[in-house]
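Position chains B, C and D relative to chain A; hints supplied.
Chains as they are written, first to last, in our numbering: chain A, 53 to 420; chain B, 344 to 454; chain C, 6 to 434; chain D, 245 to 414.
Honestly, I wouldn't trust all of these hints.
In silico DSS-like links for lysine-lysine, alpha-carbon gap of 27 Å or less [stated by the list, open to error]:
#: 1; chain 1: A; residue 1: K80; chain 2: B; residue 2: K439
#: 2; chain 1: C; residue 1: K175; chain 2: B; residue 2: K439
#: 3; chain 1: A; residue 1: K339; chain 2: A; residue 2: K297
#: 4; chain 1: C; residue 1: K175; chain 2: A; residue 2: K80
What the hints contain is simulated information worked out from the structure, not anything from laboratory work.
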Amino acid sequence: MPVKAAPVEVNIGPQHPSTHGVFRMVAKIDGERIVDVNMIVGYLHRSMEKLAEERTFTQNIPFTDRMDYLAAMSGNLGYCLSVEKLAGVEVPERAMYLRVIFAELQRVASHCMATGAFINDCGAWQTPVMWCFRDRERVLDLFEMTCGARLTTNYMRIGGVAFDIPDEFLPALDKLINDELPKAFEEYEELIVGNEIIMMRARDVGVVTPEVAINASLSGPLLRSAGIAWDLRKADPYCGYDRFKFDIPVGYNGDAYDRMVIRIEEMKQSLRIIRQAVADLPDGAHKTDIPLALRPPAGEAYSRVESPKGELGFYVVSDGGPAPYRWHVRAPSLINLSVLREMTIGQTISDAIVTLGSIDINVGELDR
Amino acid sequence: MHSPVLTLVLHLEEVLIVGAALFAIGLYVALSKRNAIGILMGIELMLNAVNITFLGFARMSVSEDPIQGHVFAVFVITVAAAEAAVALALAVAIYKHRETVNIDQIDLLRW
Amino acid sequence: MTMLLDLITGYWWDARDLSNMTRPLYEFLRDQGVSDAGIFVISALLGTLAIISFVGAVAIINIWVERRVVGRMQSRLGPNRLGPFGLLQPIADAIKLMQKEVLQPASAPGWIYTVAPIAFTVPGIAILAVIPWGRNMVLANLDVGLLYILGLSSLAVLSVFMAGYSSNNKYSLFGAMRVIAMLVSYEIPIVAGLLGIVLFAGSMNLQEIVLFQEEHWAFMIMLQPLAFLIYFFSISAELNRTPADIAEAESEIVGGYHTEYSGMKFGLFYAAELINAVAVSAIIATLFLGGWWTYKLDEFIPGWMLLIGKIYGVYFIFVWTRGTLPRFRIDQLLAFAWKWLTPMALINVIVVAAEVLLWNETGWSDWFWIPAIIAINTALCVGLIVFFVKVFAPKFQRFPTRPRFYPGIDVPSLPAVTPPDFARKGGPA
Amino acid sequence: MIEDNGIVIAFWILSATTIACALMTAAVRELVQAVLFLALTFVGAAGIYICLSADFVAVAQILIYAGAVSVLMTFAVMLTPAADRHNSETIFQAPALVLSGLLLAVIVFVVLDTDWAISDAGAFQTTAASLGEAFLKPYVVPFEVASVLLMVAMIGAIVLTRELEEDDDA
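Bound-form chain A, shown alone:
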């Protein structure tokens, strides 16, 4: 018979070191156990979907940078794919390969950040997060080399990519994917994957069953950790992903630890894809010329990409004008977060933080 006490209400966030932005969990806590969680989002809402209706299709690309600012390339790519589908724009081969290279590099960068932040949530005193940052910086250096920006790249264009890669890019990329990153991943394996304390903290914490995962329409590492091999790059190939050989890493238990090792494994698979893409990289134009004020025919299109967080879908409706009539984003952060309440009830505060960290939300994308 436990001691009865009125649950204490604790605001975890919006200003909290571990809520990954301005996300707020109002947790009712009995001792250390969480009795109930009320999730409150919207602190970073910038009404991008509405603003987009006032801007041309090309002008909307920067919004997608600022949605998931840790995976700007993936956002760019998804949006451009949807508009291309709507307007029927053909993309040159070289642009497709460049898109794949940059999307996969972006996945590495985003997963580095996710892994580091997750270990930080487990309580490491910033060493893993600094290591992961170090490797993310290397990827961002390549972005800067190509498009001049590190975080909000604004690189993809409707019909291709903004710039062709500079001459020094391929040697730098070769050094990165064949030397620096594999070494870094070995370090992660030593520091993180085999760490007993991480196992104790993350094993059997925040478990998602396959039923819940599918019912809640989860995607990304969260879905794959539950044991379901589902990846849009295989299921609904875009950008010629069906030409590359890679595997989908899938977890056993659906817990936080599985999600972490899946992310590390996905980074390796990304390197594999990049190697193939670099080997086959064709010559030619990097962009189809399209009118500045693109007026796609009236209609609607939905296209989705496997962003680092999960299925990132863009639904565009055009009325034949230069701006989208309606623009909607299926943000994986928001949908993945919907299971947080079920996952955290009954856990301790520490576990709830670990669970939240393992979902890897991005509040910019969550609130848009």
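Same frame as chain A, but now just chains B, C and D:
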């Protein structure tokens, strides 16, 4: 050793009076407080007062084996620790059943 | 060479043992007509001054050391702007902290809030008073030195509770309650772990413990490896250092007990954490690593310098664990104390008692017993750890640490799920 | 009697602190503050013990009372709800005051009236070793009984606060 100006002296009586004062405060706390833990505090105060007395005697009184006072003090501390553990466990157990630790509301045995 | 040694030794300014200074000081003061009691007071004040200066120096140096070392571990530079190698950074930090406004929660019990950082700092300084720095160089040669240390280190935890309670903040209260729970659990392995040392040395006097190590030509860590591990882990829990820093757990409860502190009150917590770490390192260096004695080395290098070297060696391990390991959850930490450390410490005490008994009863030479005990206790340490890992380690650790690989997509067929009723109450059908 | 200016001054300062803290324990309304004052009382009492040249008992006092018992008390206080955390008196306040005052008067009268046999043996040089002797030679049986008592207390505390499974009727 002695300062020529002023020599302060501490007598056994003074130590005993300090102990007695502490004991009286402890008794007052133990008798008057409403909260079970408050009462426990009074009891601990009384035990401390007893220890001061024991050690005062051990230091200043005539005895064949003055270390006995210390032995008793250590036993008192031991018993006090045991008593604190059990009493606090009791308080928590009572709280679980009655949702209060105020002794004037714990009246199961009244009728 | 011998002439040089002769020149150095035998004078009051022989730096190997600063207590040599007391004799000329005593004579000087006596010639000035100061009474013995006065000389006692003066020397005590001087010794206290020395300890407090050491503490102040430590608090300033360690901020730099810790930030710099951890920065190196995190593949960044650490403070490097102010002064050479950023050495002036701690002073800049202190000036910044002093300039900051001190905010106090309105509904907090004010005196507790103010007293807590001071009460947190005092035990660390007071612990250093009983550490022997040389053969005669010890400020307070307490016969119950070890017990004194244990008592003081538990007082620091009470002050953490005071800080957490008086902050009137839920996060702080969580930190305070975690600290209390942790103290109740970790006091036992700490005391039981150190009992073995007391049994060997036959004294709780720290100087006697150092002399025991000198006499038997062995560091206590060789005789008591298990006690060292137990003490090291337990004390890092009491010090709130990673992997056991659940009381301040910045990723969970923001700052724990010092969430609401600002300005120099926070600075005091920050400094006291470093002071306590150094005090504990000094205890470990004295108890387990020979203190000022180091295999004849102390005849050439002043013992207190050796001790400071050892202190910083142990302190480096503290920084190292902090820079490397994640944090335990509170239930895991408490279970670790009760299920692992406490039984290990008790077994250790029993074994040591048997060894000491045999040693005393058989009367065989130390040259037989010391290696024998080292062998037995090392084997015991390894054996116990292996046994506990086999028996008590969480079973999930045998799960695969690598994901499965699928070349294509594969969605398992799930049992049919009835969709939830989306009919809104009161709305149109 | 003790004739050392330093120790006498220290004794009186510590006594004043201890009794003042004890009075605050009785007076403050908030139970947590009362526990903290109680911890201060314990530390002051330890200081008095040191003045009476009982170093082992003093350090044990700090370790057990200030370190463990007061922490246990804070634990128990925090386990009870905030509504119960006031330190008020029952209707027995006045009788208790009278009774303890009377007791104090009686003790003081007896203390002053008795002709105590004062030894001039002086302070103990060290108590830890002779305490150990005493415990393991003449007092070995009480010592063992005390350890059994501690174990019984530990078991009792565990039994009392144990969480009974599936007991939801109470």
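Checked hints:
1. For the hint pairing A:K80 with B:K439, the CA-to-CA distance comes to about 21 Å; that is within 27 Å, so the pair holds.
2. With a C-alpha separation of about 23 Å, the suggested pairing of C:K175 with B:K439 holds against the 27 Å cut-off.
3. Distance check on the hinted pair: A:K339 and A:K297 sit about 25 Å apart at the alpha-carbon level, within 27 Å; holds.
4. Of the pairs offered as hints, the one joining C:K175 and A:K80 holds, with about 12 Å between alpha carbons and a cut-off of 27 Å not exceeded.
Of the numbered hints stated above, none is contradicted by the structure.
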